[in-house]
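**Q** In case you want the letters, here they are:
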Amino acid sequence: MSRYRVSVDIGGTFTDFVVHDEEQGYAFTGKVLSTPDDPARGVISGLTGLIYGLGNIAFLVHGTTVGLNAFLERRGARVLLVTTAGFRDVYTIARGDRKKLYALQYRKPEPLIPPHDIYTVRERMRWDGSIQEELHREDFEPIIEKIQAEDIKAVAICFLHAYVNPKHELQARKLLQERLPGLSLSLSHEIAREWRDYERSSSAVLNAYVAPIVERYLSSLESQVRERGLRSTLYVMQSNGGVMTAAAARSLPIQTFLSGPVGGTIGGQALSQALKRPNLLCVDMGGTSFDASLIINGQPSFSTETALEGLPVLMALVDIHTIGAGGGSLAWLEAGALRVGPRSAGADPGPACYGLGGTQPTVTDANLFLGRMNPDYFLGGRMGLDRQAAEKAIRSVADHLELTAEALAEGMLAVINARMADAMRTITVRQGIDPREYSLVAFGGAGPMHAAALAEELDIKEVIIPWAPGTFSAWGMLQTNVRHDLTQTFYQTMQATTLEDLEGVYGQLEEQGRQILRGEEVPEEQMGFLRTADMRYIGQEYSVNVQVSFEDGEDGLGAINARFHDAYKTRYGHSTPGAPIEFVNLRVAAFGKLERHTAGFRPAKGHQSPDTGTRDVIFHGQAVPTKFYRRDRLSTGIALAGPHVIEEETATTVVPPGWISRIDALGNIIITRKES
Amino acid sequence: MTQTTKAINPITTEIIRNFFISCAEDMNATLIRSAYTPIIYEGKDCSVALLDENGEVLGQSSGLPLFLGNLEICVKLTMEMFGRQVFEPGDVFYMNDPYMQGTHLNDATIFAPIFLKGRLVGFAATRAHWLDVGAKDPGGPMDSVNIYQEGFRFGPTRICSHYELREDIVDILRRNGRFGYSLVGDMNAQIAACRKGEERFRAIIDRFGLETIWAARDEIFRQSAQLDREAIEAIPNGTYTAEGCLDNDGIGTEPVVVKVRVDISGDQMTIDLAGSSPATTGPVNCGIAQTISAARVAYKLLINPDRPVDGGTFPTLTVAASVGSMFYAQEPVACQWYFTPLGLLIDLIVKALSPALPLKAAGAHYGDSMVIYLAGLDPRKGNIPFLSVEANPGGWGAFATGDGQDGLINNVNGGFKDMPVEVFESKYPVQIRRYGFRPDSGGPGKFRGGCGLYREYRLEADCGLYLWFERSKTPAWGLFGGRDAVGPENVIEGNSSGKMLKPLKANNIALKAEATVTINTGGGGGFGNPWERDIELVRRDVLDGYVTREGAERDYGVAFTADGLEVDIEVTRRLRTELSSSWHILHKP
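If you read the sequences in order, they're chains A and B. Numbering-wise (the numbering used here), the first sequence opens with residue 1 and increments by one. Numbering-wise (the numbering used here), the second sequence opens with residue 1 and increments by one.
FYI, nobody ran anything at the bench for these hints, they're computed from the structure. Among the hints, a few may not be true.
In silico lysine to any residue, SDA-like type, Cα no more than 20 angstroms apart, as pairs [unchecked claim]: (1) B:Lys-505 x B:Ala-375; (2) B:Lys-381 x A:Arg-536; (3) B:Lys-417 x A:Arg-3; (4) B:Lys-417 x A:Lys-174; (5) A:Lys-569 x A:Asn-545; (6) A:Lys-167 x A:Arg-122; (7) A:Lys-99 x B:Val-309; (8) B:Lys-417 x A:Tyr-542; (9) A:Lys-99 x B:Asn-176; (10) A:Lys-461 x B:Arg-573; (11) B:Lys-427 x A:Ile-538; (12) B:Lys-417 x A:Tyr-106; (13) B:Lys-473 x B:Pro-278; (14) B:Lys-427 x A:Asp-128; (15) A:Lys-392 x A:Leu-356; (16) B:Lys-499 x B:Lys-512; (17) A:Lys-99 x B:Pro-305; (18) A:Lys-569 x A:Ile-427; (19) A:Lys-627 x A:Ile-638; (20) A:Lys-146 x B:Arg-539; (21) B:Lys-417 x A:Asp-97; (22) A:Lys-146 x B:Asp-544; (23) B:Lys-427 x A:Gln-488; (24) A:Lys-100 x B:Val-309; (25) B:Lys-136 x B:Lys-505; (26) B:Lys-427 x A:Arg-536; (27) A:Lys-593 x A:Arg-3; (28) A:Lys-569 x B:Pro-38; (29) A:Lys-461 x B:Ala-375; (30) B:Lys-499 x B:Arg-458; (31) B:Lys-427 x A:Glu-402; (32) B:Lys-427 x A:Lys-392; (33) B:Lys-505 x B:Ser-388; (34) A:Lys-99 x B:Arg-307; (35) A:Lys-99 x B:Ser-388; (36) B:Lys-381 x A:Thr-493.
Here are some of the chain A residues that sit facing chain B, going by a computed Cβ distance under 7 angstroms [stated by the list, open to error]: (37) Ile-93; (38) Trp-195; (39) Tyr-491.
Just so you know, even glycine gets a beta-carbon here, dropped at the ideal spot from N, CA and C.
Excised from the complex, chain A in its bound form (with noise of 0.2 angstroms):
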């Protein structure tokens, strides 16, 4: 009997859980610590403790750090590069741009490989995949050597014009496997088939870098799931906002990376459609970030290539923008100005009111000193927090400013809010997107208790607080489908270009797409393919990523061209028909459609009174008695009107005077202004 569905988001401090139980028709959540030193006994702690027999999982999900903080902890394994003889260095050159306007003493992203582990040997590919020279295979000899003398355990390769004729980067895969079984190796045109050598060199490497580690955890997470009665497959989230099998996320770790915060995306996708707003705008505030990202008729926005830590990775990803602001932002003073982040005092010592030795005033120590936050409540009551401590940190930096507390407790929540709102801002209105068209999906921690003033802030009507907003990102992926993304650039004006030309790339995308999908047991009708290409007006640098449908008929071309111009006006505010354009890649998202149940993931209620008692909450100075709810017990359809505050275990909503809250048959809380 196969009845949950369960979604697992290895945070940090804290894996998150999210059942789905199919029988009965609704979905409970937990929470345990994490487990840094080996994930997935936290994982299993987890799982044991919420259900009684992993035999009984239909579908287990989840999102894992394990990639990222090995990344961000430079704990990653040694690499060799392999590249083409007379391009040593363009991985250490980094292409020579400064991400700082004012810095003299200037220093380059780390990279991940010092320049004497980049090796080289005689190849050369022509810009038009032609083979100028073949590949030397006794210049692999030194490598061979050195890799066994020195016991390294990853190589990544990658040859010049390798995403036009890969032939170089295979023979050398084969050539090492013969030689080295074993060896862990990370191809660049598999990894991202798309011009540019520095940064497919980065992302190799960076797969590479991480795949041992990856590897190593999900064989351990695996076999302990096995060993305990899981029969279903297991799945890992990734950063493009599908999932793939664990097999699959081996050879691709990469895209494990950013599998936390993409849940929230994804899970605002499907409010979206269960709430039928096609646009969401949706805000995950933790302890030390906030991430903003967006749901646009129904989808969310996606981008082709990001960088970590000033290092490129060229894949698909859910487009997240993060700043330093969270709970733990910590409050400072330069020439008697205040500042808010985005340092951040971190889990240790966490805010003053954690009273494990934070002394300077955080952003929670402000909510809890205004009486926004119930410190006997702070995640369901297991963790007491230290209303004193909080007003002694707010006072010693009030008193260098002669303000009072509540002034500056105030004066703190506005600083951050009005940064948060600036980053809000950088995805909506700096790229044509007018924010008054949205409504707001707040979650994390702290998201809900600052969700109403952002929203003031950027005029937004309504704000949607889901279920659970504390572990909302583990909820987001019960909601997806499998997804793979193929790219192949394809370099050719539109004018020199045919449909059978397009049809014959993206043919050849879609069945190694197929084939992947087939090796994770997608039965061949709940496949799905989506074509697109970036496309350019000849002679630019960056380029517009237009869906590609050839429904369009005869003039399939035309209709490319139509949607190209609109797609570009959107981005830019302006388009010129006529002009001419070019490909750039062709790409293909393979799918596989997953079964799922978007309603009722909210418990049963009690017959408990929701009213909790009533406490001093200060709004624009004054002290506003305050109604403090229990969200669990509040009914479907009340309506209250502010102020009051919401508490459950994950997460505090304020709900500020102006504002209404209603519960809606989801149970999301949904919050408008009063009319006036």
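Got chain A sorted already, so can you dock chain B onto it with the hints?
**A** Below, chain B without anything else, positioned relative to chain A:
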């Protein structure tokens, strides 16, 4: 929602400060989003600012380091020329005169006054690089000798009146550039950015009230000024000097002298450029407004680099140059390559101040954009014309706590990236054969200067070659015992005359297919005595290819065993003693 805060408190100030910067970011996004030419939306060759009613900066956003606070001068000069009453609601002004705004004619300054209930409350200002402004050569010449060869020139000119475009003026602009269509597009993008600034600034005033806004402004300026004053106060009083030269002005062969004298007195810094070359025949002259900006860049590299610039910044800085010198260009001298001396000027200011600020200083960097163009017809694509334009990274100077960076773009550029080999070869009929670090090009030192780069091109079609390379006569210098770097060098082989050429500047050398061109950019200066460099770091540099075995022995006194890379301790000890004592004999009286 209107708040009625009377007395300004630090929280309101901080929120308003964030709004000013956010307003500039909105303007910048509007400009970049709607610009027509890649040099703006990809090269980020633009800047914007929100100014108060006196033309002082409230918030700014810049893509190029060089555009540091020279928009306000355009507003102020316009006020001087025509009086404050010239501004009316709905006006937009355009100007590009290098003698007024600095920079070159390609840079278009467009600004709009902002009114609230009939009262002038501020300005929204933008600058962006226009692709072509009607110079004698497309894009702009390399060999101009006067301003009239460089394109059309406008003083402050109203292009919008009462929110309407002045079609007659726009028509003049359109007819005088080679790409009129994109010129008007870029102009409209700048106007849109000004309108965005106007809209956002009005909303901010609406929310806080003008009185609060000005109180916050005064407080923000006070904070910036205080931070700057404290920083200058901390520098010992005295006079600090440095000098160097450009190889030539692009026309003649004589070096062009740049002299810097920095006086620190209390909380004031004066940068005096007296003794620098008079205006040159070739296009390396610079208007005073841009000279001041460059001095501000050097200042900002040393003083509070992370604090955003506003009208309170630089109350501590005076810049002096003599009228008619290369740094105070007057009509009709040529200005197209105005930025070439500025890279050197910035390095020299840092050098002059290095005895006073040893921990903040760095050795000189490789110096200039090191530009190569290749032009011709592409036989692979039906002989369509092509033109590749590249700037090249080089080595940066070492500093008290670290090595200079290897292969980094020059100081007057910012986010500029080299062109990937794969993209280059797909676009142009030229193959790149090698691309990497030039060993031993970084200045030796306890901390090593960064290495320059080599890039070898093999032509697959006949090409015209253009080069603008600099700083061979004053290669990047070291500091505190750190040695100078190796300068740039280019090599052309297989051209029709059969002779090997080594030009640093070139204006259309005709080359046949199969010729090779190898460019080499210079390194950065070292810091501290080379024989004090950690032996393990020297060994690593050899292993990594930044330093050769011979270089390690010669420059650092580190010797290796004959058959490998084990350090020969005995020989090394002897070599290092010799290096140190010969240095002391040479440098001590």
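**Q** Now look at each hint and say whether the structure bears it out.
**A** Hints versus structure:
{"no.": "1", "hint": "B:Lys-505 x B:Ala-375", "verdict": "16 angstroms, holds"}
{"no.": "2", "hint": "B:Lys-381 x A:Arg-536", "verdict": "18 angstroms, holds"}
{"no.": "3", "hint": "B:Lys-417 x A:Arg-3", "verdict": "54 angstroms, violated"}
{"no.": "4", "hint": "B:Lys-417 x A:Lys-174", "verdict": "35 angstroms, violated"}
{"no.": "5", "hint": "A:Lys-569 x A:Asn-545", "verdict": "12 angstroms, holds"}
{"no.": "6", "hint": "A:Lys-167 x A:Arg-122", "verdict": "14 angstroms, holds"}
{"no.": "7", "hint": "A:Lys-99 x B:Val-309", "verdict": "18 angstroms, holds"}
{"no.": "8", "hint": "B:Lys-417 x A:Tyr-542", "verdict": "13 angstroms, holds"}
{"no.": "9", "hint": "A:Lys-99 x B:Asn-176", "verdict": "36 angstroms, violated"}
{"no.": "10", "hint": "A:Lys-461 x B:Arg-573", "verdict": "75 angstroms, violated"}
{"no.": "11", "hint": "B:Lys-427 x A:Ile-538", "verdict": "11 angstroms, holds"}
{"no.": "12", "hint": "B:Lys-417 x A:Tyr-106", "verdict": "16 angstroms, holds"}
{"no.": "13", "hint": "B:Lys-473 x B:Pro-278", "verdict": "19 angstroms, holds"}
{"no.": "14", "hint": "B:Lys-427 x A:Asp-128", "verdict": "11 angstroms, holds"}
{"no.": "15", "hint": "A:Lys-392 x A:Leu-356", "verdict": "14 angstroms, holds"}
{"no.": "16", "hint": "B:Lys-499 x B:Lys-512", "verdict": "13 angstroms, holds"}
{"no.": "17", "hint": "A:Lys-99 x B:Pro-305", "verdict": "14 angstroms, holds"}
{"no.": "18", "hint": "A:Lys-569 x A:Ile-427", "verdict": "17 angstroms, holds"}
{"no.": "19", "hint": "A:Lys-627 x A:Ile-638", "verdict": "15 angstroms, holds"}
{"no.": "20", "hint": "A:Lys-146 x B:Arg-539", "verdict": "19 angstroms, holds"}
{"no.": "21", "hint": "B:Lys-417 x A:Asp-97", "verdict": "5 angstroms, holds"}
{"no.": "22", "hint": "A:Lys-146 x B:Asp-544", "verdict": "16 angstroms, holds"}
{"no.": "23", "hint": "B:Lys-427 x A:Gln-488", "verdict": "17 angstroms, holds"}
{"no.": "24", "hint": "A:Lys-100 x B:Val-309", "verdict": "14 angstroms, holds"}
{"no.": "25", "hint": "B:Lys-136 x B:Lys-505", "verdict": "19 angstroms, holds"}
{"no.": "26", "hint": "B:Lys-427 x A:Arg-536", "verdict": "14 angstroms, holds"}
{"no.": "27", "hint": "A:Lys-593 x A:Arg-3", "verdict": "19 angstroms, holds"}
{"no.": "28", "hint": "A:Lys-569 x B:Pro-38", "verdict": "15 angstroms, holds"}
{"no.": "29", "hint": "A:Lys-461 x B:Ala-375", "verdict": "56 angstroms, violated"}
{"no.": "30", "hint": "B:Lys-499 x B:Arg-458", "verdict": "16 angstroms, holds"}
{"no.": "31", "hint": "B:Lys-427 x A:Glu-402", "verdict": "63 angstroms, violated"}
{"no.": "32", "hint": "B:Lys-427 x A:Lys-392", "verdict": "64 angstroms, violated"}
{"no.": "33", "hint": "B:Lys-505 x B:Ser-388", "verdict": "16 angstroms, holds"}
{"no.": "34", "hint": "A:Lys-99 x B:Arg-307", "verdict": "16 angstroms, holds"}
{"no.": "35", "hint": "A:Lys-99 x B:Ser-388", "verdict": "24 angstroms, violated"}
{"no.": "36", "hint": "B:Lys-381 x A:Thr-493", "verdict": "11 angstroms, holds"}
{"no.": "37", "hint": "Ile-93", "verdict": "4 angstroms, holds"}
{"no.": "38", "hint": "Trp-195", "verdict": "4 angstroms, holds"}
{"no.": "39", "hint": "Tyr-491", "verdict": "5 angstroms, holds"}
Of the numbered hints stated above, those contradicted by the structure are hints 3, 4, 9, 10, 29, 31, 32, 35, listed in ascending order.
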